[in-house]
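Asker: Residue numbers (this note's numbering), protein chains in the order written: chain A, 1 to 325; chain B, 1 to 237; chain C, 1 to 249.
Think of the hints as simulated: they come from the structure by calculation, not from any bench. Hints may contain errors.
Here are the computed distance ranges between Cβ atoms for each label pair [unchecked claim]:
(1) C/S192 x A/V12: 45 to 53 Å
(2) C/S192 x B/S232: 46 to 54 Å
(3) A/A16 x C/G111: 30 to 38 Å
(4) C/G228 x B/V216: 23 to 31 Å
Rough simulated footprint, nothing fancy, chain C against chain A, three-plus residues with beta-carbon under 8 Å [what the hints assert, rightly or not]:
(5) 37-49
(6) 199-208
The beta carbon of each residue, even a glycine, is placed where N, CA and C say it ideally should be.
Letter by letter, the chains look like this.
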Amino acid sequence: MSERGGAVSRLVLAVALLALAAFPWAALATGYDFYTGVVIRVMIFAIAASSLNLILGFGGMVSFGHAAFFGLGAYTAAIAAFHGITNAWLIWVLAVVVSGLAAALVGAMAIRTRGVYFIMITMAMAQLFYYVFVGLRYYGGDDGLRLVTRPGVGLGIDLSDENTFFLLVLLWAVLAHWLLARLIRSRFGLALSAIRENDVRVAAVGYGTSQYRLVAFVIAGVMAGIAGSLLAMHNLFVSPKLLHWTQSGSLLIMVALGGVGYFYGGIVGALTFLLLEEVLSGTFTYWHIYVGLILLAVVMVAPGGLCSLLTGRRRTATPGGGGDA
Amino acid sequence: MPSPILEVTGLQAGYGSSQVLFGIDLCVGEGEVVTLLGRNGMGKTTTVRSIIGLNRPTAGRVMLRGRSIEKLAADRIARLGVAIVPEGRQIFTNLSVEENLVAFAAKRNGRERTWSLAEIFRLFPRLEERRHHGGGQLSGGEQQMLAIGRALVTNPHLLILDEATEGLAPLVREEIWRCLALLREHGLTIIVIDKYIRRLIGFADHHAVLEKGKVVWRGSSSELAERQDVWSRYLSV
Amino acid sequence: MPDALAITGLSKRFGGLQAIRDVSMTVAEGTVQAVIGPNGAGKTTLISLLSGRLGADKGEIRLFGTPVHALPQEARVRAGLARSFQITSVFNGMTVRDNLLVATQRALAPGFGLLRDRAEDQEFRDAAARVAERVGIARHLDATAAALPHALRRRLDVGLGIACRPRVLLMDEPLAGMGHEESEEMVELIRSLRSDTTVVLIEHDMEAVFALADRIAVLVQGEVIAAGTVAEIRVDQKVKEAYLGEEET
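If we strip away everything but chain A, and leave its shape as in the complex, we get (with noise of 0.2 Å):
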């Protein structure tokens, strides 16, 4: 892409992210608040998402573990509350550091693994992290645990209000992707992409292939506990079905629909399943099968998910651009 076309993209984004910023108070006006809930939730999933999109999408490995961060990042805000910390910047910390260890100790043993072996170690051990939290009666087990109130980021702001809230959400979300853009632009992303492309080869030009593929397991790991405490701070509620098997599932679909590989995949593909998600449901009693017409129908006539069907190409290594300019 030549300087003026980086520079009109630019323009669209930032038009963008400021209409989202605005969406709150506009559908106040128009009487439709009750999305602004959805909205959140959107921005939420599509943190996650698109974490899962880094691993998958940049550096090939199907991770069938990933809600285990989501869910243990939402946990540790519950758990978090539930002993009086009203403190966000804390709980945020902790997420990091507690979802951060759990993706390095699985993020070791699985990544020494290929294809169907990955998908089974990273799928066994988030099923592990399920079965603990379904057990600890103390935190409410099956039946989930509440936070009493939202924790707040101090600073004089109320972040009980729906629309604060909001602006936080869409604040981490931004945050997020800029720090994906910037690891995707960068040597590590480069060596990513290498690695999804040919790891033999990459291996025998230098690099640890381990080494990296950890690192990123670990990063897209804190992403997805940072998006998971988000979530728990906007339902006020979290249970273990947040770090089930199909909890992940849901995620691969997301970052599948959205299209694997594209920078935009997560955020595409979260906005696609939940809004199809939350339109299906009001109108038919079993609209997962329609979902999953749909996903089907995309599926077939788009394989590289809806960002292939915009773009026409696959974005290897560098995303808002056509190649090294």
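Following the hints, position chains B and C against chain A.
Answerer: For chains B and C alone, coordinates are given in the frame of chain A:
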């Protein structure tokens, strides 16, 4: 010239974007024994794979008994009467010796002379001794015999042997050569890829030497016997 | 002055098969050492043992005197031992420029480089462009690797090896799948590499081997049966037997 069983003209083939064969011509008459010679990487196995349908040629023709086969699937070509004893034998280890021989027996092609299980055992008494053993329990030489037997029971018009003596002890190699001579006497048409040049000269009718995907020399056994320069240039070092 | 590459007593077994048996070899700096041998000799296994993709059971490998046999592959590359592949192995979905950048950024910069924008690393991109020039694909820097014709992909494969700035380059059948003309061009390329690096060349194409090699080692069933100059190997009886089959009694 006996009627041709196999005629290959202008064969070009490769793997993906890499071209290995740059125009191979080959003619094998009925009852003849023909060798494909050359160092490895020169295209011998690729030529064979193209003939039997495992590799689709990018250009050229392959005619089996007057019929064009270069576009046919491998199993069709096999049913038309081409059998291969592949490099590395590729025995079915989950079948017994007898099962390996019985599973692929066929009386197709309207041939008078057919290879029955009994005849295979007469050719290779050691296989009869081991008839109920699993394919994976055999020694290298026995596996080679089994691979040859397995090819014979399909009653082929054309038998192709790719490195049939590789990795075998000298005594076992002798047995294989003996049996190949017998097959020749039975009038079987054979293409052989192997490196034992003196043996091949004694056994085959004519030879084609491949280098970099082209036939660089062809001639009869007596001609090849006199051309030590061909040996040095294309076969050895 | 230590040898560029000194291999002593290298052995590797796979289950019941002794693939490499007590192989020893020395390669002087700035020379081309060819390794030839008939089918099933173990040449690819040897390259894997040298590059570090496989671990040897026994034996030592020294690169300019430094032992590397205990190092993992990536460490050997950083020490200066790189390779090219028999079956072209490049990053198909990436441009030629990015392909080479993967290698040059590794060779020139330690560390993960997590947040720094690649576009600021002009040094690595220049290095990549220079490698492309070296192997004759500079015109195709913006082409996707998958779209290149076979011969140019082979050159890119060699380029990836060179981009590692190796002191010793292991080349596994670089002429594989090439016709006559392309082979000649590749031979010229390899010849031009001698000024930059030491080459260990595995090949079947004897014309290329005779044109390029300073010394030849002949590998048969995992053992070195002969080693010497081109002239010595051409008249060696054991070598002839290995290729043509033994004399029967």
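Asker: Looking only at beta-carbon atoms, does the pair C/S192, B/S232 fall within the given range of 46 to 54 Å?
Answerer: About 29 Å separates the Cβ atoms of C/S192 and B/S232, which means 46 to 54 Å is violated.
Asker: Is the hinted range of 45 to 53 Å satisfied by the C-beta distance from C/S192 to A/V12?
Answerer: 49 Å, holds
Asker: Is the hinted range of 23 to 31 Å satisfied by the C-beta distance from C/G228 to B/V216?
Answerer: Hint holds: Cβ distance 27 Å, inside 23 to 31 Å.
Asker: Do three or more residues of the segment 199-208 of chain A come closer than 8 Å to chain C, measuring C-beta to C-beta?
Answerer: With 9 residues close enough to chain C, the hint holds.
Asker: Check whether three or more residues of the segment 37-49 of chain A sit with their beta carbon closer than 8 Å to a beta carbon of chain C.
Answerer: violated (count 0)
Asker: Quick check: does the Cβ-Cβ distance between A/A16 and C/G111 fall within 30 to 38 Å?
Answerer: 35 Å, holds
This entry does not satisfy hints 2, 5, going by the numbered hints stated previously.
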